[in-house]
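Put chains B, C and D with the ligands on the given structure of chain A with help from the hints.
Residue numbers (my numbering), protein chains in the order written: chain A, 25 to 489; chain B, 25 to 489; chain C, 25 to 509; chain D, 25 to 509.
Source of the hints: derived by calculation from the structure; they are not laboratory data.
Careful, some of the hints might be misleading.
[As the list claims (entries may be wrong)] Pairs of lysine-lysine residues, derived as DSS-like cross-links and limited to a Cα-Cα distance of at most 27 Å, are as follows:
#1 B:K454 to B:K404
#2 B:K326 to D:K60
#3 A:K454 to C:K325
#4 C:K488 to D:K488
#5 C:K311 to A:K194
#6 C:K225 to A:K177
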Amino acid sequence: MPFIPHTNEELKQMLTDMGETHVAALFDEIPADLLNDRLEAIPEGVSEMRLKRLLTEQLADEKMPLCFIGAGAYEHHIPSAVWQVASRGEFLTAYTPYQAEASQGTLQLLYEYQTMMASLMGMDVSNASLYEGASALAEAILMAVRVHKGQRKRVIIPRSLHPYYWDTVKTIVSEQKIECVPCDFDPQAGVTDLGALSQLSDENLAAVVIPQPNFFGCLEPVDEMTDWAHQKNALAIACVNPMAMALLKEPGQWGSADGEIDREANTRLEIGADIACGEGQPLGVPLNSGGPYFGFLTCRQKFVRQMPGRLIGQTTDLDGCVGYTLTLQAREQHIRRSKATSNICTNQGLLVTAATIYMSLMGPVGLRQVAGVSHTQTKKLVDRLIEIDGVERVFDRPFFHECVLRLPRDVDEVLRGMSLDGIQAGLSLKDYFPELGDCLLVCVTETKTDQDLDVFVDGFCRWLG
Amino acid sequence: MPFIPHTNEELKQMLTDMGETHVAALFDEIPADLLNDRLEAIPEGVSEMRLKRLLTEQLADEKMPLCFIGAGAYEHHIPSAVWQVASRGEFLTAYTPYQAEASQGTLQLLYEYQTMMASLMGMDVSNASLYEGASALAEAILMAVRVHKGQRKRVIIPRSLHPYYWDTVKTIVSEQKIECVPCDFDPQAGVTDLGALSQLSDENLAAVVIPQPNFFGCLEPVDEMTDWAHQKNALAIACVNPMAMALLKEPGQWGSADGEIDREANTRLEIGADIACGEGQPLGVPLNSGGPYFGFLTCRQKFVRQMPGRLIGQTTDLDGCVGYTLTLQAREQHIRRSKATSNICTNQGLLVTAATIYMSLMGPVGLRQVAGVSHTQTKKLVDRLIEIDGVERVFDRPFFHECVLRLPRDVDEVLRGMSLDGIQAGLSLKDYFPELGDCLLVCVTETKTDQDLDVFVDGFCRWLG
Amino acid sequence: MLIFQRSVEGRVALGQWVDGDLDLSDLPEAGLRQTKAVLPEVSELQVVRHYTGLSQRNFGIDTHFYPLGSCTMKYNPRGVHEMAMQPQWLSRHPLSAVDDHQSFLKILFELQQYLSDITGMPGVSLTPMAGSQGEFVGVAMIKAYHDANNDTERTEMIVPTAAHGTNPASAVMCGYTVKEIPTGSDGNIDVDQLREMVGPKTAGIMLTNPSTLGIFSRRIKDVSAIIHEAGGLLYYDGANLNAILGKVRPGDMGFDVMHLNLHKTFATPHGGGGPGAGPVAVADRLKPYLPIPTVVFENEKYRWTTKNDSPDSIGRLSCFMGNAAILLRAYLYIRLLGRKGLTRVADFATLNANYIMKRLQQAGFECAFPDRRASHEFVISFKKEKKQWGVSAMDIAKRLLDYGCHAPTTYFPLSIPECFLIEPTETESKQELDHFIDALIKIRGESETDPELVKTSPHTCVVKRLDDVKAVRELNLTWKPTIND
Amino acid sequence: MLIFQRSVEGRVALGQWVDGDLDLSDLPEAGLRQTKAVLPEVSELQVVRHYTGLSQRNFGIDTHFYPLGSCTMKYNPRGVHEMAMQPQWLSRHPLSAVDDHQSFLKILFELQQYLSDITGMPGVSLTPMAGSQGEFVGVAMIKAYHDANNDTERTEMIVPTAAHGTNPASAVMCGYTVKEIPTGSDGNIDVDQLREMVGPKTAGIMLTNPSTLGIFSRRIKDVSAIIHEAGGLLYYDGANLNAILGKVRPGDMGFDVMHLNLHKTFATPHGGGGPGAGPVAVADRLKPYLPIPTVVFENEKYRWTTKNDSPDSIGRLSCFMGNAAILLRAYLYIRLLGRKGLTRVADFATLNANYIMKRLQQAGFECAFPDRRASHEFVISFKKEKKQWGVSAMDIAKRLLDYGCHAPTTYFPLSIPECFLIEPTETESKQELDHFIDALIKIRGESETDPELVKTSPHTCVVKRLDDVKAVRELNLTWKPTIND
Ligand SMILES: Cc1ncc(COP(=O)(O)O)c(C=O)c1O
Ligand SMILES: Cc1ncc(COP(=O)(O)O)c(C=O)c1O
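Excised from the complex, chain A in its bound form (with noise of 0.2 Å):
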């Protein structure tokens, strides 16, 4: 049995020391009925050597195809270092750092973080880090409701919203009685229609959910729908790519630029989100099977206290030096109990070290490169594409390094045909949206080269013709 140092004579000493002769006495409080000695669908135990031996076996199993999926994860290059340096004892295997003079290390990098975060969205905070993008989204939309008191309990999110965003918002959100009410996409634009939010009832609304890029790859009205959201007094909660934020407007600066004035209440318009959330792994994490990724959560100063998970302050010690502590606890589970602005205990702090050490290394001009690079290869891939006989752009709204194109022939029979070629090619959105059945949705990032556009075009008019 690995990992315990007892030998028998230590065992036995210890036992001596209790005064006792068995370990199996310390479980005697237990009813003798309910002991259960057996696990009968574990196999026998084995060694580290033998382990790994099996797993290669595995593993060779496992293809390894050129990547074209994107929506919701994304495949960035990874610096060796990020997880080089995250992969460090004092980092892999720390708890939360409840004990702020032992976890300085941590504490600081954590504070390092909501900056580059909060900045990055252009807002004021940034929590340390929820489980993921989709969770992370119905934690905003639970503080936007907290925002509002309780006092409204609807929601509008458009459907172009990543379908799997929408379903984890309802299963979240349901249970406290909140109403998703969804905003139809523009079948031409691809991006919500915004002639139908403002049909959209706005009683009782505590926000409008703002995605962007949204599921399609299509840039959507954000000033438009910021502002309306603030006409109607509701919170405007961003749900975007990070990385995609380094290249296009940051959710603090959405909305009317000139600062457009709201009629009926005859003030001015404020500009930017209130609430700044998504899916961190863009930012130095593997795709891994879809996790452990990172939901990051940021909001303008104002609403700090109902945000939900961790946050660091800096503070100064006994002999006045800088330092860093978990502050705000007194929102959180462990102090607030059935009061806490969330059940969230345990987040994705390592995720976020990953993180913190993948924006130091791109740096801002880095970061808005990578973005760059991948819109121009998912530009130029499109652009040969839709010269092949029958593919088309569904959407007429510029998108973000992925984008929806329509085939001549069935998306399934497509796929696979480019699984032979060792390419996954993109996501068919038969199961997402029946009316996008011969859709097929497509991404790029930085990681392919020009070459690789060959090799998918070819396999594209292959497959297709």
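Just chains B, C and D with the ligands, lined up with the frame of chain A:
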């Protein structure tokens, strides 16, 4: 250009501070006709991302067969902890511990290594590493000559020593006019012919080299050879596989167990080899195409001042606390220059770091088990192979986890066949010993399961049939 | 020094620079970012050096004994880390075709079976991303069950006062009202009081057994009978599973639903606050409500389930498959230990806890429940020390850092004043335990002779005692160039 | 605490235990080990914690500025480490069939070409395992050359007094007598004296240019003419190649043979003392003597050379292919930087060195060669400080540790009293350099006002100043259970 942190502003600022305008000026002492700003054979630089991609493509061509080759480099299981800890930046990117106070980690580790390795060999002291096994043997021979104050310059080396060790030793020691005298092996036994040994002149004899196990995997008559060397007042130099020493008698115990009397001198012969050296690779170092490995060198206390390479000693600091530091540096080239015991400077510190962690994880019992299972598996395989018609053991002496077999078919052909099955079945001896042109040297370690042996035997039957 | 203070405008880590001309002609000008984000402009060496340096300012299991109660800070096998970091796993897109990844799905499928065996519950879903999400899911399933039975008047969830804060918080996230039930002086919940508490409004109860007090409730069968008779269901908080792994199965105790904390019991690294994984297991009657996706094996193939397979599922909890790679790590850990090894975990985790408790008792420390066995953890209280010498549990916790031990959990459970919850885990040696015991004894000595020393501790950490009140009062959550530089 | 002091008899790290019954029946009883080796009996967690803890007691490039002259402590790219640690490389047996490993051989073949380009020398062998073995090989080739010409009276190797200790030691390992030539006050070797020194006994000269004094010898062509006219050959010690990478080629300066330190110029990690790699490059006339194996490309295939290919080779230097995986790392580094990047290395390494030198001069420090350019390193002397305040170079070196800088090389070159050899490398930022300069200025201030502070430094390391004399006098090279426990 990677890894240069200067911005253009900073460059300008620095030049200004120095009163210069161009970097080129800093090279103005170099005669103009020598300046040559071209590197033609070297491609343009690429980013880490691109280089990884290029490499992945090259790696796809590299085969990873099941390896049954030994012959001086052995595939043992290496616990993940070994290289994860050894790869920590503080070990990986430190220099030789010249500033002891800033290098206590490396220094204490090396002191622990010296303790472990000396004890494994049954010797008094160990240095902190040499390059690898073959050149370590050369250094051991040079050391033996120094012990004899350069008065004796002949060394007897068995032909059963690894041929590449032979070559290496000759390259290195013959520059100092040391004569290497071969001693034949008994063609039946596969070990040094004691009769032949006793016939060799002992004039000027500095040392006798005793490999254990020898190149053929056979166990040499180490006791007799040690005694013989001591009778001639020559040093006995053990050249051993350190993994084997967890199971086999260690060099410190070699020689006549009941203290045979040297008749001529009428004194009791000293027990134990005088120097023990070898290749440290089996102790936690990956095969890695042959290097980096590390050579170890241990000896009796009285010879320590003739030892080449670094030594770490325990001492105390100003407060009387225990610490570690490089010691006896007056033997080394950076102090003694042309009178040094060797020219070695950079050694194989990181590999010793890994080996120390490895030995700690295995402990004395675990290490013996690795050696024992390796041997047991080899025996199993050999027993089954010699049941095949025409396959036979060539030598009748006991072997340790490596064995020579005679095949009824061209060895290279069989190897090519086995390689198609994904098996490296061993080493063809044709290029090493013409007289063993139809022989195969096969090695099994603890990494091979009984199923692996089945696959080996099946394949062998097929390719021989 | 903050990474931002190492930044110089215009610097780029060039080894990571992505070559390529940008074509942004299709993006509307007004939609582009105009400001530069506050990310540092530093070299690769600066990044490596900065974060390597920061890491050294942390305690971790890899560096210190870390007896943090309720957190199960055991050794995180390095072999598992290596196996989980293979490029085949890392590069797998969550939406890629299952045909290309049968090995990975097989692993999850087997993990579902293992966890079912361990918990004694037939249904398992792996998607919850930590214990607290597992709780949410579990309570949501209880609610779904009552709703399906049109039993909609059940609005109350019973939770012990000693429960972890996530329990009441999760119940509230599901729209329940929390009713607290106190712990008796023997560490058990008061069964009689429970009997009075339950009724038609009772949706269920959330318990851990052994509890967060480190006490195994002997009358757990009675509790389950009371709740079930009242029409409620029992939720089991699996955070303390390490104590009973392979010994007792929550399903056999009468629980209907539970979560497991893989990052505790199954040794996946805590990562400075996460990630974890909090799979849920359920009795048959709750199976229809399990969250999707799960993995099924059909027609010789593993595949994910969807809403079509489970129309009554409470739904999806994350965009993809939870913390998939953490599940992989837990699987590998289970394979390493095997059935016997897992049972021995409980033996030695319990041994270590009882050993420390006994030795501390012998040395005169005050255990919260001196007459009870410790499970894998136990509570001591420094009420006496606080009163006599003015030294609080927090002071002693900080002073422990000076002795090279991470502090136990302090001030939890909330019901015990000035307490430590101590959990050594099975992977710590007798030597470590003895060192910890000796340190506590020494600190008590210091508390008497030199209380200031303890009250101003730690003295050997990278910072002195930090001012938490100031952190709240002068809230500073992000660095701003002008203020701090 | 030593790992042995954590040991308990009978303990085994069970995760690493190899299952299997032993059959040792064929091994003679008398040949078996009877004693238990002094290896620790510890758990896996203890091992990880112990060595993680030890690592934290080190300075490294990843943690500190490390301006160790002559050692080129530049950033070791983490990307290269990852790429070099791929299982395909790690698992390759050195004697496995070349057909299965053409990629690896191709890499070595290309590396040979790259190094040939960089050095301006047509022949390259990659096998030497560090600089000093490269020197041995180079000198052995010089000898082989003279021998082949029956020029056997050449028994002297000329070496500057300022040369690295390995140079004379290597010459002696090849059976040569060393003749030392001093350095002039301008930092160059005295050409006139050299002219008088050479003669029929001259086998050659070993030089570095720039020298270990950080000075580029302007009259190198004269030197080469003198040696060649006398019938000798010129050896180039490539340890300082970083200074002139892509700027000047030793082959063009007239050198016949040289080594490169890949662990310096090409950023492979120093590993606390190694491994390195010291490939040799040679002019045409020495090509026949290059050590084997090298890699050739023939009939569309890469293969190793043997004695058959090179009958005049000086032979083999190690059992296999030297430090093969270090060669791989250097190759990857060269590919990352590319031709332009390599040249910029020299630019910025030189810039950084001259910047520090200039700023220190401005602050009143005494440079050994104030009128010369620094190459990538330079020498300052604390003779004055020693005399005035009794503070030695060693004291200042130790005090630098307190300022978070590793000390430069001290007391080398031996010819300059109380000196530092300072080499910042190109990967350090202006901020680091300024911090180092400021620290030196402060320490000089302390030396005047509070010399004891400096003489008893370091004060912030894990130990205080260590007693080197005691280490020699009370030689203690291994731990013994009875003495220290
Ligand atoms: C008893 C108990 N329940 C629940 C939790 C919540 O688990 P998690 O932190 O994984 O959300 C914890 C851990 O923090 C716990 O100790
Ligand atoms: C100038 C000089 N020459 C030679 C060497 C020897 O190189 P190595 O340590 O790789 O053997 C060194 C490095 O220590 C050196 O600085």
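* Which earlier hints can't be squared with this structure? -> none
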